[in-house]
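Asker: Sequence:
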Amino acid sequence: MSTKSRHLQREDAKMAPESQFESPKALLADASLSKEEKRSVLERWADQVDRRLDSGSEGMPTYGTEPKDAELLREIGLALEKLEGIEPNR
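Residues in the sequence shown are numbered consecutively from 1219, following the numbering used here.
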């Protein structure tokens, strides 16, 4: 893979993590991202999911995604804890 391709994939991951990673665990397993990049992508991902959940509470249509988004937000939190070496509180 060329350097340019790797750079583009990193940028895609940062802007739209759900389109690049199957799960937060898959993001953690990606050896091409540094710890700081992983933290940044996970935080952006959490913000995106949180905004979707907020929009649902404001009356915008969510098409039944709230339970999935709530679980995804939990998984992102666990991934951030693992990245920081914190024992998750389940």
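Simulated from the structure, these hints should not be mistaken for lab results. Hints may be right or wrong, so weigh each one.
[As the list claims (entries may be wrong)] Result set (PhoX-like, lysine-lysine): computed pairs, CA atoms no more than 20 Å apart in a straight line:
| no. | residue 1 | residue 2 |
| --- | --- | --- |
| 1 | LYS1243 | LYS1300 |
| 2 | LYS1300 | LYS1253 |
| 3 | LYS1300 | LYS1256 |
| 4 | LYS1243 | LYS1253 |
| 5 | LYS1253 | LYS1286 |
| 6 | LYS1256 | LYS1243 |
| 7 | LYS1253 | LYS1232 |
| 8 | LYS1243 | LYS1286 |
| 9 | LYS1232 | LYS1243 |
[Unchecked claim] Here are the computed distance ranges between Cβ atoms for each label pair:
| no. | residue 1 | residue 2 | range |
| --- | --- | --- | --- |
| 10 | GLY1277 | GLU1255 | 32 to 38 Å |
| 11 | ILE1304 | SER1250 | 20 to 26 Å |
| 12 | GLY1277 | ILE1304 | 18 to 24 Å |
| 13 | ASP1272 | SER1237 | 17 to 23 Å |
| 14 | GLU1299 | SER1273 | 36 to 42 Å |
| 15 | LYS1300 | GLY1277 | 17 to 23 Å |
| 16 | SER1237 | SER1273 | 30 to 36 Å |
| 17 | GLY1277 | ALA1249 | 18 to 24 Å |
Keep in mind the model is a prediction, meaning the values are calculated, not measured. Glycine is no exception: its CB is placed at the ideal position from the N, C-alpha and C atoms.
Asker: Could you run down the list of hints and mark each one as holding or not?
Answerer: Hints, verified against the model:
1. LYS1243 x LYS1300: holds, 10 Å
2. LYS1300 x LYS1253: holds, 11 Å
3. LYS1300 x LYS1256: Holds, at roughly 11 Å.
4. LYS1243 x LYS1253: Holds, at roughly 13 Å.
5. LYS1253 x LYS1286: violated, 26 Å
6. LYS1256 x LYS1243: holds, 11 Å
7. LYS1253 x LYS1232: Holds: LYS1253 and LYS1232 sit about 13 Å apart, inside 20 Å.
8. LYS1243 x LYS1286: holds, 16 Å
9. LYS1232 x LYS1243: holds, 15 Å
10. GLY1277 x GLU1255: 32 to 38 Å: holds, 35 Å
11. ILE1304 x SER1250: 20 to 26 Å: At roughly 24 Å between Cβ atoms, SER1250 and ILE1304 fall inside 20 to 26 Å, so the hint holds.
12. GLY1277 x ILE1304: 18 to 24 Å: Since GLY1277 and ILE1304 have Cβ atoms about 35 Å apart, the given range 18 to 24 Å is violated.
13. ASP1272 x SER1237: 17 to 23 Å: Given a distance of about 21 Å, which is inside 17 to 23 Å, the answer is holds.
14. GLU1299 x SER1273: 36 to 42 Å: At roughly 26 Å between Cβ atoms, SER1273 and GLU1299 fall outside 36 to 42 Å, so the hint is violated.
15. LYS1300 x GLY1277: 17 to 23 Å: violated, 35 Å
16. SER1237 x SER1273: 30 to 36 Å: Given about 19 Å between the Cβ atoms, the range is violated.
17. GLY1277 x ALA1249: 18 to 24 Å: violated, 42 Å
The structure does not agree with the numbered hints 5, 12, 14, 15, 16, 17 stated previously, though it agrees with the rest.
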